[in-house]
Amino acid sequence: MSAATQDTAVSTGSFTRAFLYLVLILFALFYLLPLYVMGVNSVKPLTEITGGNMMALPSVWTLEPWRQAWSTAQIGVEPTGLKPYFLNSILMVVPAVAISTIVGALNGYVLTKWRFRGDTWVFGLMLFSCFIPFQIVLIPMAVVLGKLGLAGSVPGLILVHVVYGIGFTTLYFRNYYASFPTELVRAAMIDGAGFFRIFWRILLPVSGPIAVVSVIWQFTNIWNDFLFGVSFGGTSQPMTVALNNLVQSSTGVKEYNVHFAGAILAALPTLLVYIVAGRYFVRGLMAGSVKG
Amino acid sequence: MGFLDIRNVTKSYGSVEVLHRVDVAVEEGEFLVLVGPSGCGKSTLLNMIAGLEGISGGEIAIKGRVVNGVHPSKRNIAMVFQSYALYPNMTVGQNMTFGLEMHGVPKPEREEALSRVAKLLQIDHLLDRKPGQLSGGQRQRVAMGRALVRNPDVFLFDEPLSNLDAKLRVDMRTEIKKLHQSLKTTIVYVTHDQIEAMTLSTRIAVMNKGHVQQLGTPKEIYDTPANVFVATFMGSPAMNLVPATVVMEGGVPHAAVTDADGTPRHLRFSQANLAAWAGKPILLGIRPEAITDPEGADRKSANIVALANRVGVTEPAGSDTFVTMQLSGKDIVARMRADALVAPGQVFDFAVNMEKAVAFDPATEERIAP
Numbered sequence: 001m002s003a004a005t006q007d008t009a010v011s012t013g014s015f016t017r018a019f020l021y022l023v024l025i026l027f028a029l030f031y032l033l034p035l036y037v038m039g040v041n042s043v044k045p046l047t048e049i050t051g052g053n054m055m056a057l058p059s060v061w062t063l064e065p066w067r068q069a070w071s072t073a074q075i076g077v078e079p080t081g082l083k084p085y086f087l088n089s090i091l092m093v094v095p096a097v098a099i100s101t102i103v104g105a106l107n108g109y110v111l112t113k114w115r116f117r118g119d120t121w122v123f124g125l126m127l128f129s130c131f132i133p134f135q136i137v138l139i140p141m142a143v144v145l146g147k148l149g150l151a152g153s154v155p156g157l158i159l160v161h162v163v164y165g166i167g168f169t170t171l172y173f174r175n176y177y178a179s180f181p182t183e184l185v186r187a188a189m190i191d192g193a194g195f196f197r198i199f200w201r202i203l204l205p206v207s208g209p210i211a212v213v214s215v216i217w218q219f220t221n222i223w224n225d226f227l228f229g230v231s232f233g234g235t236s237q238p239m240t241v242a243l244n245n246l247v248q249s250s251t252g253v254k255e256y257n258v259h260f261a262g263a264i265l266a267a268l269p270t271l272l273v274y275i276v277a278g279r280y281f282v283r284g285l286m287a288g289s290v291k292g
Numbered sequence: 001m002g003f004l005d006i007r008n009v010t011k012s013y014g015s016v017e018v019l020h021r022v023d024v025a026v027e028e029g030e031f032l033v034l035v036g037p038s039g040c041g042k043s044t045l046l047n048m049i050a051g052l053e054g055i056s057g058g059e060i061a062i063k064g065r066v067v068n069g070v071h072p073s074k075r076n077i078a079m080v081f082q083s084y085a086l087y088p089n090m091t092v093g094q095n096m097t098f099g100l101e102m103h104g105v106p107k108p109e110r111e112e113a114l115s116r117v118a119k120l121l122q123i124d125h126l127l128d129r130k131p132g133q134l135s136g137g138q139r140q141r142v143a144m145g146r147a148l149v150r151n152p153d154v155f156l157f158d159e160p161l162s163n164l165d166a167k168l169r170v171d172m173r174t175e176i177k178k179l180h181q182s183l184k185t186t187i188v189y190v191t192h193d194q195i196e197a198m199t200l201s202t203r204i205a206v207m208n209k210g211h212v213q214q215l216g217t218p219k220e221i222y223d224t225p226a227n228v229f230v231a232t233f234m235g236s237p238a239m240n241l242v243p244a245t246v247v248m249e250g251g252v253p254h255a256a257v258t259d260a261d262g263t264p265r266h267l268r269f270s271q272a273n274l275a276a277w278a279g280k281p282i283l284l285g286i287r288p289e290a291i292t293d294p295e296g297a298d299r300k301s302a303n304i305v306a307l308a309n310r311v312g313v314t315e316p317a318g319s320d321t322f323v324t325m326q327l328s329g330k331d332i333v334a335r336m337r338a339d340a341l342v343a344p345g346q347v348f349d350f351a352v353n354m355e356k357a358v359a360f361d362p363a364t365e366e367r368i369a370p
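Protein chains in written order, with our numbering: chain A, 1 to 292; chain B, 1 to 370.
Hints listed in this document are in silico derivations from the structure and should not be mistaken for laboratory results. A virtual CB, placed ideally from N, CA and C, is assigned to each residue, including glycine. Errors might be hidden in some of the hints.
[As the list claims (entries may be wrong)] Okay, the calculated bits of chain A under chain B, using three or more residues with CB under 8 Å as the criterion:
#	segment
1	178 to 184
2	193 to 203
3	221 to 227
[Claimed, not checked] Quick list of simulated restraints, FRET-style, between CB atoms:
#	chain 1	residue 1	chain 2	residue 2	range
4	B	Pro237	A	Ile102	55 to 61 Å
5	A	Phe195	B	Asp361	28 to 34 Å
6	B	Gly104	A	Thr182	21 to 27 Å
7	B	Ala338	A	Phe195	58 to 64 Å
8	A	Gly146	B	Val66	43 to 49 Å
9	A	Phe128	B	Pro237	25 to 31 Å
10	B	Pro281	A	Val122	56 to 62 Å
11	A	Leu24	B	Pro88	35 to 41 Å
12	B	Pro88	A	Ile25	40 to 46 Å
13	A	Cys130	B	Thr10	50 to 56 Å
14	B	His71	A	Leu24	57 to 63 Å
15	B	Thr202	A	Val122	57 to 63 Å
16	B	Lys300	A	Arg115	53 to 59 Å
17	A	Leu272	B	His71	42 to 48 Å
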């Protein structure tokens, strides 16, 4: 299939091609500009930034801003750096992504292969949850977390993100499994495999592409979330909230180099996820859309 | 009581009954084919035997044990699906032994069963491949292998050949028949292809609109169809049906028809009890191969009737030549020898084997039994 799709590009003359590349490279440079600014300014001393050109390469190279952002910068009232918050984010994002993806896969499996009366309604309601703005649920969510005794804790945040993510993950997996032949499930039933065995041995091994989509989507959303983090984080606030507290601090000197380093630190994990799994992303999103 | 008993089984979805009181007893070693047009309920019935669909009424018993409500895996059946339903992530070997593994059969026994069946089906060189790397015919074999490994009481086939190309389909048909002859297993086989039904089965159940129209051996179904539906569904080209009137001549019932030029003709029946229908209209059913040139007529038949008629169209098909002509205002087809000299527009002397003719009541469309 891949061999067949390679030739579909319109063939052009070499001049047109060179022009295309030039335009594309210019655009790419333009989009990379902010990253460049962040990069160079995170490795120069503060005096170079305040006294001169933001675009220039540093005359004195230093990793001090990175060290400070990571371990000693003033976050709120504590000089802890971003390290503990980074850890909070990891502790929150890994279980939240894992749980919401697994639950979404199970939901998709049940909604397509173990249909029941009213299943389209259930799916419709879950879809509906994708369209509810975060702000609307803040107060009810606070009440629920309070009642469960999970307010201001990492498990509380995990619960919030799982509940919010299930709508999306269910949508992904349901649509993916809808094109999975039901005869395979029937064959496995006759072969004697039960509900979980069929899921584990037959469906899950071919769910790679859609699982990657689900993981990328959930990871970026949960990692980048600010509102839930600041509302329900309590003493275990995630990275985004800490970064805000670092950058928006209104006392003392604005240490731009430290801020730039901190911002890059906060963006690194999602960047990594995209680089590692990104090529599956488009493949997974397109899966089942075209017969072939 | 049979090996597989289907007793008064009905299936309804809500208030719509799609399968009406089906009653079939299958003996051990029998090859039962359920045949009918799409939507006749044949696949539903098969799925009910497999346990993939619930039974709304009546009961199904395998080896004397009622299996209503028994899980598919506990009925000791195996099924071959139309799409083969091979697990794409497993190798051929894993596909075939998955059922045994799920039933807790120890590994050495699984390996032994696998190699026995793989040899039988000549797929032992494919065991490490994934289904995606196999051709259609090979997948078909693996799907059958997966069923055979289990050594079940009943095999269920759901249109297993319909995804193959024409030549492979004929080869695999012979293969299945060979397997059945050597293994003597009990098989229920669903198809919409009447030739598959005729060639494979020991008995056929012709189904339409949720009813079993006729249950019988291929010969019974072909020669003495119970009604107009069975007569036209089984056989290719279909049985010729022409309106006729029963007249008595010399005390013997004849079918009064008109030929292509409008001349009345009387064809003598072999069936004496049609005398009771004297003066009444009937539907006369004649298979294409019962209308031939005089030299090609069946020598053992005691009732060959000559019929001169104007030829409409000739269609040489290599092995036979099909001739279309008008009888009582209907187009009918005759199957001639390939080298019969027939020309369009010519009046030709046909020989009609009236021993094979059947008569239907035009009101009920049921056959008038002798």
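CB-CB spacing for B:His71 and A:Leu272 relative to the 42 to 48 Å hint: 46 Å, holds
Stated coverage of the segment 178 to 184 of chain A by chain B [criterion: 3+ residues, CB within 8 Å]: holds (count 3)
Supplied distance hint 35 to 41 Å, evaluated on CB atoms of A:Leu24 and B:Pro88: Distance hint for A:Leu24, B:Pro88 holds at roughly 38 Å.
A:Leu24 and B:His71 - C-beta distance against the hinted 57 to 63 Å: 59 Å, holds
Assessment of proposed distance window 57 to 63 Å (beta carbons of B:Thr202, A:Val122): 47 Å, violated
Cβ contact check, 8 Å cutoff: the segment 221 to 227 of chain A against chain B, three residues minimum: violated (count 0)
B:Pro88 versus A:Ile25 beta-carbon gap, inside 40 to 46 Å or not: 42 Å, holds
C-beta pair B:Gly104, A:Thr182: status relative to the range 21 to 27 Å that was hinted: The hinted range 21 to 27 Å holds for B:Gly104 and A:Thr182, with Cβ atoms some 26 Å apart.
43 to 49 Å as the expected CB spacing between B:Val66 and A:Gly146, which holds or is violated: 56 Å, violated
Assessment of proposed distance window 55 to 61 Å (beta carbons of B:Pro237, A:Ile102): 58 Å, holds
B:Pro237 and A:Phe128 - C-beta distance against the hinted 25 to 31 Å: 57 Å, violated
Cβ distance range 58 to 64 Å for B:Ala338 and A:Phe195, holds or violated: 60 Å, holds
The structure is inconsistent with the numbered hints 3, 5, 8, 9, 13 and 15, although it conforms to all the rest.
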